[in-house]
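Chemist: Below are the chains, spelled out letter by letter.
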Amino acid sequence: MSAITTATQADIQPSIDDLKAMAQVIRRHIITMIHAAQAGHPGGSLSAADIVTALYFRVMRLDPANPSWPDRDRFILSKGHACPVWYAALAERGFFDRSHLTTLRQLNSILQGHADMRKTPGVDMTVGSLGQGICAGLGMALAGKLHGKDYHVYVMIGDGEAQEGAVWEAAMAAPRWRLDNLTVIVDNNGIQNDAFTAEIMPVEPLADKWRAFRWNVIEIDGHRMEEIVPALESVKAIKGVPTVIIAKTIKGRGVSFMENVPAWHGAAPNDAQAQAALAEIAEGLR
Amino acid sequence: MSQLHDCRDAFSAALLELAQGDARVVALTNDSLSSSKLTSFSRLFPERLINLGIAEQNTVGIASGLANGGKIPFVCGASCFLTGRALEQIKVDLAYSRANVKVCGMSSGLAYGALGATHHSIEDMAWTRAIANMVVIVPADSIETAQAVYAAAAYEGPVFLRLSRMPVPDVHGRDYQFEIGRATWLRSGTDVTIVANGTMVSRALTAAHLLAQEGISAGVLNMATVRPIDQAAIVTAAERGPIITVEEHTIYGGLGSAVAEVVVTTRPTRMRLLGIPGVFAPTGSTQWLLEYFGLTAQNICEVARDLLRGDGHHG
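Chain order of the listed sequences is A and B. In terms of the numbering used here, the first sequence opens at residue 323 and continues consecutively. In terms of the numbering used here, the second sequence opens at residue 371 and continues consecutively.
Rather than coming from a laboratory, the hints here were simulated on the basis of the structure. Here a beta-carbon is modelled for each residue, glycine too, at the ideal position from N, C-alpha and C. Among the hints, erroneous ones may be present.
In silico negatives: residues of chain A with every beta carbon more than 10 angstroms from chain B [as the list claims (entries may be wrong)]:
1. Arg-383
2. Gly-416
3. Arg-440
4. Thr-448
5. Gln-454
6. Leu-460
7. His-469
8. Val-539
9. Glu-541
10. Lys-561
11. Gln-595
12. Ala-601
Subject to a maximum C-alpha distance of 20 angstroms in a straight line, what follows is the list of computed SDA-like cross-link-like pairs (lysine to any residue) [to be verified]:
13. A:Lys-471 <-> A:Pro-392
14. A:Lys-561 <-> A:Phe-518
15. A:Lys-467 <-> B:Leu-419
16. A:Lys-471 <-> B:Glu-417
17. A:Lys-441 <-> B:Glu-526
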């Protein structure tokens with residue numbers, strides 16, 4: 323933990339164990355925030371927690387004191403309903419004070435129900451309507467190429483989100499400009515709003531689809547930090563093509579009664595459930 | 371007022387000049403290079419012309435990302451597809467995010483007359499002006515079009531620029547200075563005011579000229595910016611008498627509605643709204659359709675006479 327809390331200094335590289343611990347801190351915030359708001363999306367926030375932690379505490383080049391630094395790496399949480407994970411990471415990384423976290427969804431909070439780039443420091447793109455984040459990320463990557471900048475753009479989408487047509491417009495376009503500074507991460511937790519993705523509208527085989535669109539495809543376990551970090555760190559060395567990381571994840575990961583249960587896509591825990599969840603997360607921290 | 375100009379030429383010349391002086395200016399299109407008059411731009415700045423193919427949602431989304439990276443993107447394409455297909459990107463990625471992107475809708479209104487209702491763009495003013503943070507500009511001639519391009523670039527935020535392809539005469543002098551949110555009196559009148567924008571302004575002027583020959587004094591107000599609208603100019607018009615609005619657009623939610631919103635809440639006066647009366651237009655040449663819907667100087671005169679008769683003027 324000591325390395326993590328001072329991770330705003332670029333010279334300190336958090337270890338895999340540090341990152342695992344931080345992911346549990348992020349999970350604790352997710353539960354606390356959604357419990358306080360009595361609304362939100364815990365399932366998809368928890369499934370993304372390990373990857374978002376790796377991005378913000380090890381992989382991305384950032385300056386929390388200067389959120390609009392032109393040379394920063396960019397992250398877009400295109401599956402915007404999972405914004406508690408984003409807010410938690412930004413707060414822990416020092417973009418704003420942790421005390422804001424429990425104001426989630428409150429009137430005049432800097433933490434809107436879906437992230438608003440004009441209200442939340444560190445948020446690079448307003449999200450909330452699925453399928454739009456990759457396109458915006460593609461534009462950021464293209465601007466980087468045009469300006470000769472070496473920043474990298476990461477966009478996380480959900481597997482259900484891959485049902486949106488605009489995702490595939492962007493998937494077609496990014497290789498056209500050889501955008502090797504763009505990485506899409508699919509948080510492939512297999513559940514969407516109504517039920518399991520495979521029941522509603524199957525999106526598999528995702529890896530084949532992205533390969534057919536001429537992307538560099540990496541498949542990982544999206545909860546094993548030992549796989550997440552090397553995958554994310556490998557993409558900057560890939561030249562000439564964009565990368566997609568298809569991360570197999572479990573919706574609700576880290577809270578046993580939420581894991582792989584569609585009902586926890588968009589439901590807030592009550593007092594007892596929150597307490598039980600926080601106890602499990604504390605257990606995971608040890 | 372006799373020589374006719376396709377305003378897309380003024381648009382592309384102005385954009386080219388802007389791009390020459392400002393490396394941040396980039397152009398995006400959806401397989402509409404020639405109809406957006408971007409051929410010269412693509413020759414001079416091949417790396418700054420980004421053609422995304424037939425994918426409007428992606429095109430507008432990418433524009434927002436380019437703006438985030440410090441560019442000033444001008445997204446160009448047929449207005450019917452650009453605004454209709456990508457409306458949510460315009461709402462979220464541009465307006466809500468206050469992205470510095472200029473959406474340039476070509477061949478709007480009934481310009482694609484013979485291509486039919488899929489290609490007519492008679493709702494775009496309503497759609498875009500309903501969205502917070504949007505600036506909506508409908509220039510009347512080549513002079514105003516060029517000025518609107520510069521003004522849009524100088525303005526930090528999302529702009530919808532609605533252009534036609536129907537040649538129109540210049541109604542402004544060379545010394546004209548367009549300003550976002552300011553309407554222009556092209557003719558003053560005491561009996562009735564004709565408020566128009568885009569291709570309808572020259573027709574409004576012709577109508578005012580014809581009415582003058584019958585002793586009716588009609589003012590002409592060019593409402594080039596629909597959002598934010600020039601409330602003061604509308605109040606001035608309403609204080610003088612009845613108002614006729616003329617737009618190459620449905621009367622549901624467009625210029626007429628925008629003017630009426632101001633009139634009923636400030637200085638109520640009698641109005642007539644000329645435009646497309648809430649129907650899909652049939653296939654036909656643009657000129658034929660404009661006549662069909664009464665968007666002619668003659669019909670504006672007829673409506674003015676009728677309106678003033680109701681006011682007790684002229685017997």
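Chemist: Hints first: check each against the structure and report whether it holds.
Modeler: To see whether the hints hold, each was checked on the structure:
1. Arg-383: Given that every Cβ of chain B is farther than 10 angstroms from that of Arg-383 (chain A), nearest at about 15 angstroms, it holds.
2. Gly-416: Non-interface label stands for Gly-416 (chain A): nearest chain B Cβ at 22 angstroms, farther than 10 angstroms.
3. Arg-440: Arg-440 (chain A) not clear of chain B: closest Cβ-Cβ about 6 angstroms, inside 10 angstroms.
4. Thr-448: Contrary to the label, Thr-448 (chain A) does not stay out of reach of chain B, its closest Cβ about 4 angstroms off (not over 10 angstroms).
5. Gln-454: For Gln-454 (chain A), whose nearest Cβ neighbour in chain B is about 5 angstroms away, the distance does not exceed 10 angstroms, so it is violated.
6. Leu-460: violated (5 angstroms)
7. His-469: violated (7 angstroms)
8. Val-539: Non-interface label stands for Val-539 (chain A): nearest chain B Cβ at 20 angstroms, farther than 10 angstroms.
9. Glu-541: holds (25 angstroms)
10. Lys-561: Holds, because the least Cβ-Cβ distance between Lys-561 (chain A) and chain B comes to about 19 angstroms, which exceeds 10 angstroms.
11. Gln-595: At about 32 angstroms from chain B, Gln-595 (chain A) clears the 10 angstroms cut-off, so the statement holds.
12. Ala-601: Answer for Ala-601 (chain A): holds, closest chain B Cβ roughly 38 angstroms.
13. A:Lys-471 <-> A:Pro-392: holds (9 angstroms)
14. A:Lys-561 <-> A:Phe-518: violated (35 angstroms)
15. A:Lys-467 <-> B:Leu-419: Given that 20 angstroms is the threshold and the Cα spacing comes to 14 angstroms, the pair holds.
16. A:Lys-471 <-> B:Glu-417: Distance ~15 angstroms between Lys-471 (chain A) and Glu-417 (chain B) Cα, so the pair holds.
17. A:Lys-441 <-> B:Glu-526: holds (18 angstroms)
When the structure is compared with the earlier hints, violations turn up for hints 3, 4, 5, 6, 7, 14 and for no others.
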